[in-house]
Amino acid sequence: MSTAREQIFAALRQGFRGRNEAAAKVGVDARLARRAPNLVPARAKPEQKRAAVAAFTAMAEEAAATVARVNTMIDVPGAVADYLRNHNLPMRAALAPDPLLDAARWERRKTLEVRKGRAEAFDEVGISLAYRGVAETGTLVMLSGENTPTTLNFLPETEIVILPADRVVGAYEEALAPLRSNSEDGSRHSLPRVVNFVTGPSRSADIEQALQLGAHGPRRLHIVIVDDAAGP
Amino acid sequence: MSPRPQNPSVGLFATCLVDLFRPSVGFAAAKLLEDVGCRVALPRGQTCCGQPAYNSGDKANAKRLARRTIAAFRHFDYVVVPSGSCGGMIKTHYPEALADDRKWLPRARAFAEKTYELVSFLHDVMGVRDVKARFEGIAAYHDSCSSLREMGVRVQPRALLASVTGLGLRELPGRDACCGFGGTFCVKYPEISNHMVADKCREIAESGADTVLSGDMGCLMNIAGKLLREGRAIRAYHVAEVLAGVEAAPIGQVKPEAEEATA
Amino acid sequence: MTEMSPLHFKENAIRALGDAELQRALGNMRQGFIEKRTKAAERLPEFDALRDKAKEIKDHVLAHLDLYLEAFEKNCVAGGGTVHWAKDSAQARDIVLNICRLVGAETVTKGKSMVGEEIEINPFLEANGIRPIETDLGEYIIQLRNEPPSHLIAPAIHVNKEQIADAFRQHHRDLSPERPLTDRAALLNEARRALRERFLEADVGITGANFLIAETGSTVIVTNEGNGDLTQTLPRIHIVLASIEKVVPNFDDAATLIRVLARSATGQEMSVYTTVSTGRKRPGDLDGPEQFHVVLIDNGRSKLIGTEFQEVLRCIRCGACLNHCPVYGSVGGHAYGSVYPGPIGKVLTPALQGLENARDLPNASTFCGRCEEVCPMRIPLPKMMRHWREQEYAKRMVAPRVRWALRLWALAARLPSLYHFGARLAAWWLYRRGKKGRGRLAKVPYGEGWTRFRDFPAPLGKTFQSQWRGPRRHRRPSP
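Chains as they are written, first to last, in the working numbering: chain R, 1 to 232; chain X, 1 to 263; chain G, 1 to 479.
Extracted from the complex, chain R is given alone in its bound form (with noise of 0.2 Å):
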C-alpha cells in the first residue's frame, strides 16, 4: 500500500494532467528564489527615517500600544521605571539578556530591580528588545534567541520593548529581508526558531464581542524608543 504522501500527490498530480511539467518546475523555483515584495502600500515607504518613526508610533498607539521617547540607552532604565511607578506596577523585570541592553547599565537603577533570562510564570514585568519595527501598522518584530527569548514577550502581564530608533523600517518585508536566504551567495536563511509580528497588547473580543485587553498575553504593551541607541 502507498503512504499517504504518495496517494496525496497522486491525487494532485492527477488535477494537474496536462501542465507543462519542465516549466512548472522552473516556475516554482524562479517564485522561491525571488526576493521582491508583491505590492507595498504607500503607507509602508516613509520618505525619511524621522517620518517612519513618526508613522510608527501613530500606528501603535493605536493598536493600543504606548510609546516613550529617549536619547541614548543609558535614559532607558529611568523610562522604564518611570513607566512602572506611573501605572503602579512592580519595580521588578525580567530581562532579555541581549549585550544592547547591557549599554543601559540598569544596575544604576536602584529602585528597578531586574533578572536577566527568560521569563517565568512569576514575573509580571519582561523588558526585551526589538530586531525591527514597522511603520505600516506600528508592528514590533521580536525574535527568539539566547539573547531575546520568546517567553518575555507573552507570559508577563506587562510588556516593555526597548525599540532603537534606527531600526524602524516602513513594511513587513523590509522587516524580515536581512533573515532570508539570499540566492547570489547561495547562503541559507537564517530566520530564528520564532519571528513574532507584535502589534499592540494582547485583546480578545469572544466575550460578547466587547473588546478587552490581555486575554492571555501582556494586559499592557510599552515601546521606549531609542533614538541614538549606538551612542554614549
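Rather than coming from a laboratory, the hints here were simulated on the basis of the structure. On a predicted model such as this, the values are computed, not experimentally measured, just so you know. Don't be surprised by glycine CBs; every beta carbon is placed ideally from N, CA and C.
The calculated DSBU-like cross-link candidates involving lysine-lysine, where the alpha carbons are at most 30 Å apart (straight line), are:
1. K63(X) - K395(G)
2. K55(G) - K45(R)
3. K395(G) - K103(X)
4. K114(X) - K383(G)
5. K31(X) - K462(G)
6. K53(G) - K49(R)
7. K436(G) - K255(X)
8. K255(X) - K443(G)
9. K39(G) - K49(R)
10. K303(G) - K59(X)
11. K255(X) - K462(G)
12. K10(G) - K188(X)
13. K53(G) - K25(R)
14. K188(X) - K383(G)
15. K462(G) - K188(X)
16. K188(X) - K443(G)
17. K303(G) - K63(X)
18. K435(G) - K255(X)
19. K59(X) - K55(G)
20. K303(G) - K25(R)
21. K10(G) - K59(X)
22. K188(X) - K395(G)
23. K25(R) - K87(G)
24. K59(X) - K383(G)
25. K53(G) - K45(R)
26. K462(G) - K132(X)
27. K435(G) - K31(X)
28. K188(X) - K436(G)
29. K59(X) - K395(G)
30. K63(X) - K383(G)
31. K25(R) - K74(G)
32. K45(R) - K39(G)
Far from chain X, by Cβ distances over 10 Å, these chain G residues were calculated:
33. G80
34. H172
35. P177
36. K303
Keeping the supplied structure of chain R fixed, place chains X and G upon it in accordance with the hints.
Frame of chain R, contents of chains X and G only:
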C-alpha cells in the same frame, strides 16, 4: 462619456414578472426610452431569460433559453431590461453558461455588451440627468443585489429620482443587504426569507419613508407583500413608474376608484 | 439541541430564528464586523489591488501545489521540523496521538484550528485519555459548553456573559462561589487565571496554521490573544495542524495575504500576533519546544484540484463572507451543522462531506453576491454554489416534482405563443382571485411558503405583452 446615440433601436426585454404582474412598468420603460428618442420594440420571441433554470442547476435548459433570447433580440442596437436580475442573467451569466459553446459564446458576449438595466441605460448611455415627473412622497430606494453587483446600478436611480418634483429620498442603513427574495429561495426557505424581508421592512419604516422604490419586481413583490401583511402604510412602486409619471396603484393594491367599482 | 449535521439545516435554521439570544448576538455582529471592515478597506487605498495580488498568489500556488508542498517539506525538515502527511481525518488523528504518546502527554493545549475541528481531534484525544484544552477564549468557552464553534473567527459569538459565567462555575473547581462573575472583565480574568495553569502544565501544544511558507519551511499563526504563542512556546512539543492548501511560496507572498486577512476579518490593521515558526528550539535558546511537528492534512482537498471547485481552496478563513451573509446573519453558524458555516461552508462542506450530506447548503442562498464582493481572495462563492446545484440536478437529486415543474416551464418558455398564452391565462386567473383581496392574495396554489408570511401582489388582469400588442393600446402614441 461616449457621444449619446441618436435614435437607437432598443429591444425592450419586458421580464416575466412585469409581463404577468405589472404591465405599467413595461409602459413606463417604453415611455422613458421613447422620450429620449429610442425606437422601442417588443420582440415576440421573448419569453423568460432562463434564470430560474440556471439557478436551479438545470444548465441545459438555461442554455436553450439563452440562445433563444439572443436570437430574438439580435437586430437591436441595445437591449434594455427593467430589472437588474434578468439583466444580470444576460450580461453576466449568458457568457458563463455558454462558455463551452464555440458558436454561441461570441454572440452571448456581444449580446451582453449591448444589454443594460433600464435606469442605468437612461443615465449612462442616453445621458439623461433629469425627468419631468412629479411624485408626492418620501421614498427609500432599495438596491436589488443583481442591479448593485452585476449591473453596476447605484448612483443612476438616485440621480434621476432626485429630479422628480415632490419626491424626497431616504437611504436605508443596510442598503446593500438582500431583501430575502432570491427567486426560488423565498419559497424553499420561507422562514429565512421572511426574517430578511421583515428586517428590510423595519428599516424602511424606520427611515420615515412612505414609499419604497426599486428596479426589480422580484424584490418589490417580496417587500410589498410583507408591508401589506404587516399592515404598514408604505407604498411600493417600480422606479420606472415614478420616473415616467405613470399613474398606477401601488404594487399589491388597487386604485380607490377601482376598489369602489369592484365593491 | 441542534443536530450537528447539514442534513438538518432547515429545522436548525427555524430553531435559530426563534432564539432571541442568538438573534441579539447576530444583530451586534452584523453591525460590528461590517462597519469595521468597511473602514479598514477604505483606509488602505491599495486594498483592492492587494486582493487581486492575493488571489493571484493562491491561484499560482494551487496550480503548483505538489511542487510547493515538496519545497515546504524539504525546508521544514532542514530547519529541524518533522513533516507528517495525512490523507484523511483518521490518519491525522493517529499521527497526533502517536506523538502525544511518545512523550507520555496527559494535557495538551490547543490554539484555534479549523482543521482541528474538521478532523475532530479533541474527542479523539479525550477518548484516548489525553486532555485537550482549547486556549482561544471563545473556543475555551464552547469547549466547556460542549458545543461546536459557530463562527470561523468568533466561535462563541452566540453565547452571552451569563452563560459564560455558568460554564466557569460548573467547570472551574477552584473558583470560589463568592467571586463575582457579573462583568466581562471578571470573566476574562477568570479565564486567564484558569488557562494560565493549563499553559504551564501542558506537555504538548497544538496550533493550526494560517499559512505555510515553502521558502523557509515555516508555519504562520495569526491571533489576537497570544494564546497560540503560549501554546506553542511553553510545552516540549509543538504540533502544527495544517491543510495542504495553506502553503504560499515565500515571505513576500505571506505578507500580501497578511495585509488582507485582518482587515477582512476584524477590520484591524494587523492582528496583534503574527508568528512565523521555523523548526524546533535552537542551541542556546532559552525557551521553545524541543520538537516541531507539522501534520499536512488533505481530507478531500486534493480531489478539488483541476475541478470547478479549485478556487475555493484560495480561502484564508477570514470569515468576511459569514459576516456579510444575510442568511448567516439570520440563522448563525450552528444551523449549518458543519465545521465551516456561511457561504464558504456552502461551497466547502459538500466538497468535504459529499453533496448528498449537505444538499441544503448550496441551495440556501439568494445569490445576493455580497460574500464574493467582500472576499479578500475573490472566491466566486455564488458561482460555486450554482455548480453544486448543477451537480444536484444532473445527479437527479432534485425532487421529481421540482424537476417536472422546471421542465414544463422551460418547454413553454421555448415556445413563445404557448408561453404568452399561459401567462395571459395566469394573469387573468390570479387577477380574478385578487379582486376580492383588493389587489393582493393571501393564498396562492403552491405558494404557501410565500403567503405564510406575506401577501401576494395580484396581477392586474392582462399581461404587458397582450396589452402592448392588443387593439386598445394604453400606450402613449409615439412622437
